[in-house]
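Chemist: Here's the letter readout for the chains.
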Amino acid sequence: MISVALRNLRHRPGGFVATFLSAFLGATLLMAFASLLDTSRGADSASASSLATTAGVGGGWCLVIVAFAVTSTLSLAVRQRADQITLLHRVGAARRQLRRMIVGESAAVALIASAVAVPAGLALGRVLLQLLRNTGQAAESIDYAFGPIALSVGFGVTLLGALIAGIAAARRTTTPQGLGFSLGDPPSARRRPRARRLFAALFLLIGANCAVLTATLMDGKGIDAMQTAGQAGIWAAIGLALLAPELLRLVTAVLAVPVRAIGGVAGELALLTVHSRARQLASAVMPVLIFTGVATGTVYMQAIENKAAAGQVEPDYAQDIKTLNYVVVGMITLFVAIMLINTLIAATARRRQEFAQQRLAGATRGQLLAMVALEGLLVTVTGALGGTAAAMFTILPFGAARADRIWPESTPAAYLTILAIAVALTAAAMLGATRRTVRGPATAAVHAG
Amino acid sequence: MTDAVYLESLSKTYDGTVVALDGVTAAFAAGSFTAVMGPSGSGKSTLLQCAAGLDRPTAGRVVIDGTELTATSDTEMTKFRRLRVGFVFQDYNLLPSLTVEQNVVLPVRLAGRRPDRRRVKEIIDQLGLGDRRHATPEKLSGGQRQRVAVARALITEPAVIFADEPTGALDMRSAREVLALLRTAVHQYGRTVVMVTHDPLAAAHADAVLFLADGRLAGSLRAPTVDAVAERLAHLGDTTRGIGALA
Chain F
1 MISVALRNLR HRPGGFVATF LSAFLGATLL MAFASLLDTS RGADSASASS LATTAGVGGG
61 WCLVIVAFAV TSTLSLAVRQ RADQITLLHR VGAARRQLRR MIVGESAAVA LIASAVAVPA
121 GLALGRVLLQ LLRNTGQAAE SIDYAFGPIA LSVGFGVTLL GALIAGIAAA RRTTTPQGLG
181 FSLGDPPSAR RRPRARRLFA ALFLLIGANC AVLTATLMDG KGIDAMQTAG QAGIWAAIGL
241 ALLAPELLRL VTAVLAVPVR AIGGVAGELA LLTVHSRARQ LASAVMPVLI FTGVATGTVY
301 MQAIENKAAA GQVEPDYAQD IKTLNYVVVG MITLFVAIML INTLIAATAR RRQEFAQQRL
361 AGATRGQLLA MVALEGLLVT VTGALGGTAA AMFTILPFGA ARADRIWPES TPAAYLTILA
421 IAVALTAAAM LGATRRTVRG PATAAVHAG
Chain G
1001 MTDAVYLESL SKTYDGTVVA LDGVTAAFAA GSFTAVMGPS GSGKSTLLQC AAGLDRPTAG
1061 RVVIDGTELT ATSDTEMTKF RRLRVGFVFQ DYNLLPSLTV EQNVVLPVRL AGRRPDRRRV
1121 KEIIDQLGLG DRRHATPEKL SGGQRQRVAV ARALITEPAV IFADEPTGAL DMRSAREVLA
1181 LLRTAVHQYG RTVVMVTHDP LAAAHADAVL FLADGRLAGS LRAPTVDAVA ERLAHLGDTT
1241 RGIGALA
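From first to last, the protein sequence lines are chains F and G.
With my numbering, letter number 255 in the first sequence gets 255, and the count goes up by one each step, no holes.
With my numbering, letter number 79 in the second sequence gets 1079, and the count goes up by one each step, no holes.
Bound conformation, chain F alone (with noise of 0.2 Å):
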């Protein structure tokens, strides 16, 4: 089966490209920062711990969000090609051999990605060190070294993450029931809601933690209040992403007016797919509304932060910590992007035959896109409300901890620009997808299912 993993990575290399990226993306970051590590084995004392705390903040984050984009846009790859398996299976691949061939795609995968990732991480490493320089917190005299660590902790954890990621989604995909629908159909199986949702309220209950602790614990503390803060955001952020199809149900219910009687028919039809298909629309909730409460809080946070700060004596590694909120921000917004338009894409071309149909029942082009965009509306005011909400598990106990205001002073305009952001990936991806798929006649869509 290994080799007819290897077959598909070869000849249908389109399906793992998302996958690649986001593998590629993450093994550069973590040899980037990791590198810093092997770095900082000759340093002095000072520079080391600011090259430490520096890999230690940056490589964390870039953790999170490797498992979370690796995670999402295999399973995704894999969703796709359900056809495929399924069809494997029917000529004798036994649910082994089709776990054994999706788990060493991934592999293959993460590998090839962590290797081209290389030289990458190797120059961004030498930029990170740059930068560090720069601001004083590393002395001019160290050399850039990228060693064992960079090398074991970007392989690592890029492998492990897409060996994880692939036997869950080869778990899932190669459930009796998963392999016993139909070609073409989705598996209407629902998954877990309660273990989804017990989640959830452990992530947000972390979170809430987190926030209390940063306007009691942390009150007075400056700039140390940065660290819980910052996970406050973090953790509602994900409890609240794992909540994106209760969101998604609720803000269509409190819209479907409006959307009526923009959309008409086309409304209408809006509100019946998210309806009818809440799971797969909530997939394209998560990216949006984590991408708008991490950015959103940590911004926010940061120009709290800059104005507390102002005349005042600050610790040296804050300028580190500045520099390393706008590169998570930066970080966020790349693979937010990658995992965005990759779900949405996916789940848009799933929707060929769909479309195809309502075109045959007397749809236009023009009525679908503007269902699609009502659709996405819909997924992007889920999205933004659910990451303000988040953000505010930063920006309030934070403003409260550090100038002791809780509503910061700060412009909306950097709130609008994420918040435009959001909309705009959104709407070009779904938007795009879907302009695609309405190409051609109907008739040969239909059967292509």
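Note that these hints are calculated values from the structure, not bench results.
Check the hints yourself; a few may be wrong.
Claimed, not checked - Ranges of calculated distance between the beta carbons of each label pair, as one might list FRET restraints:
1) Q97(F) with Y1014(G): 19 to 29 Å
2) D1074(G) with Q84(F): 30 to 40 Å
3) S276(F) with E1157(G): 25 to 35 Å
4) Y1014(G) with H275(F): 47 to 57 Å
5) A1030(G) with H275(F): 34 to 44 Å
What the hints assert, rightly or not - So the derived list for chain F, only partly shown, Cβ under 8 Å to chain G, looks like this:
6) G147
7) G264
8) L272
9) Q357
10) Q358
11) R359
12) G362
13) A363
14) T443
To be verified - Reference excerpt, derived from the structure (chain F facing chain G, CB under 7 Å, subset only):
15) S276
16) V329
17) T333
18) L360
19) A361
20) P441
Glycine included, each C-beta is placed from N, C-alpha and C at the ideal position.
Take the given structure of chain F and dock chain G to it, following the hints.
Modeler: Chain G only, in chain F's frame:
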């Protein structure tokens, strides 16, 4: 009698090499039930798709109810189609997320009109779906699904209903029911039906059969019987290729 559908020298070539239709001229009178038959690859599905405006012919004209379909854009074609042309497909083509009633009124809604509730109820009851109107397609049998599709095709009182192998996925009993419904639509309500099929049993329900071979007309048969249709089909290759326009 006026023609509901008139096809003039219709040709369709795929990729510039594969000739699916080769200059077919045919007319389908209003209030008639015609079956189009031929072996696979004879171009019968292409004929239906071009006639219905689902696909564009490479050359030739399609006139439905006095309007030339071939001269318009895709969006215009869709708008025309959803009110003047009904469809029944082999695989039903019902939207899984809509109920029976919602599926039936979809073309009317898409045209931005308000469906006439009484008429919708009448049609759904007539087709024996009265107690299933709020069910989704997945809860229906194949025969019931096809009846929903027929109801959807009838709702706009179209100039012509095109049916592509409407009984292809049905058991014998359901098939007979659906064919009887199509006959009723023609003879009681004056609709026009053009049905593509490869099944002589289904074709025998029509008033006339048009034969296609290699993308050209290969004769016609009035008041067909199962045996006569089967006989003609079996010898389709032998017949000299006549231009059988159907009046």
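Chemist: Run every hint past the structure and note whether it holds.
Modeler: Here's how the hints hold up against the structure:
no. : hint                              : result
1   : Q97(F) with Y1014(G): 19 to 29 Å  : 39 Å, violated
2   : D1074(G) with Q84(F): 30 to 40 Å  : 32 Å, holds
3   : S276(F) with E1157(G): 25 to 35 Å : 30 Å, holds
4   : Y1014(G) with H275(F): 47 to 57 Å : 39 Å, violated
5   : A1030(G) with H275(F): 34 to 44 Å : 41 Å, holds
6   : G147                              : 56 Å, violated
7   : G264                              : 7 Å, holds
8   : L272                              : 5 Å, holds
9   : Q357                              : 5 Å, holds
10  : Q358                              : 7 Å, holds
11  : R359                              : 7 Å, holds
12  : G362                              : 3 Å, holds
13  : A363                              : 5 Å, holds
14  : T443                              : 5 Å, holds
15  : S276                              : 4 Å, holds
16  : V329                              : 38 Å, violated
17  : T333                              : 34 Å, violated
18  : L360                              : 5 Å, holds
19  : A361                              : 5 Å, holds
20  : P441                              : 5 Å, holds
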